[in-house]
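*Asks:* Sequence order for the protein chains is H and S.
If you're matching positions, the first sequence starts at 1 in my numbering and goes up one per residue.
If you're matching positions, the second sequence starts at 1 in my numbering and goes up one per residue.
One or more of the hints may lead you astray.
Here are the simulated SDA-like cross-link-like pairs (lysine to any residue), alpha carbons at most 25 Å apart as the crow flies [unchecked claim]:
#1 H/73 / H/34
#2 S/29 / H/39
#3 S/29 / H/9
#4 S/29 / H/46
#5 S/192 / S/98
To be clear, the hints were calculated from the coordinates, so they are not data collected in a lab.
Values in this document were obtained by computation on a predicted structure and should not be read as measured data.
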Amino acid sequence: MIYASWLLIIAMIVLAILSIEFKDLIAAVVAMGAVSLIISLLFLFLQAPDVAMAEASIGAALTMAIYIIVVRKTERREK
Amino acid sequence: MIRKITYGIFLGIIVLSLILFFAAFPFGKNKMAVGKYYLKNDINQTGAANVVTAVTLDYRGFDTLGEVTVLFAAATGVAILFYVLEEDKKKRERQVYPNFVVRVGSRIIFPFILLFGSYIFIHGHLTPGGGFQGGSIIASGFLLLYLAYPGERVNRSKLSVVEGIAGITFAGLGLWGLFTQGNSFLFNFLPKGQLNMIFSAGILPIIYIAIGFKVASEFAGIVDDMMCEAVCSGGEK
């Protein structure tokens, strides 16, 4: 369990850096949603299922959808 | 160059202070008296099997009322920001419609999302979860429908009625406890019942059902505002 959470933390840091570095903004938003999903898994490992559910439904679903709508209304490529 | 050096110095200070702070912080040891008190007295005082629910709705119920109010203010702010006059609102013809699988699949899966969200907020005092989680799950179901059927919209006035009734239920239960039964706001005046049964913990399940409806309608309203801004064009920009 502890090694799995270390792997998840490393993947989360890599995804967070990627979400800043991506030039395609849709890909950046998807990376951000993956960060939220990994955070919710880590909350589950830390025995906080209440927070994990809120993070998975709000952080990974609704926030990502709102960002995707905004990207569709503006520009997809970062200059 | 000097800017990068300044950034580096500030980053070093922040990292160093974080390391020192977390090194002094005892992880995994329960040092706080209030946490022990909650764990010890939760079942006798509130009758809720889920201690988190007992803390958020019973011991700290007034804070939850404040949270719901903050969410209401945020939803109202989004609605004001995206407000479009009814006569300016024209539906734009979209070139790209979602395919058959998305349309039919979303219709099949939407009732199950509703059922799952309702299960989470009805069983909020027994299992992990509660009004906020269940409500946001239901709102993500509405988001799925909006993605599958871009032209359609929910009835906003019905959503507002549901939201108002839920908010009045929460505040009214609190005031009822304040004026008639005990002498505190959100006094738990119903019988505690048997632990781990659905009708237990007094007013906590009723409050969580009200919060679930309120959060679901508010988030559905936010999704509706956002999707309408993306899909139906309101006048010239």
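*Asks:* Hints the structure violates: just list their numbers, smallest first.
*Replies:* 5
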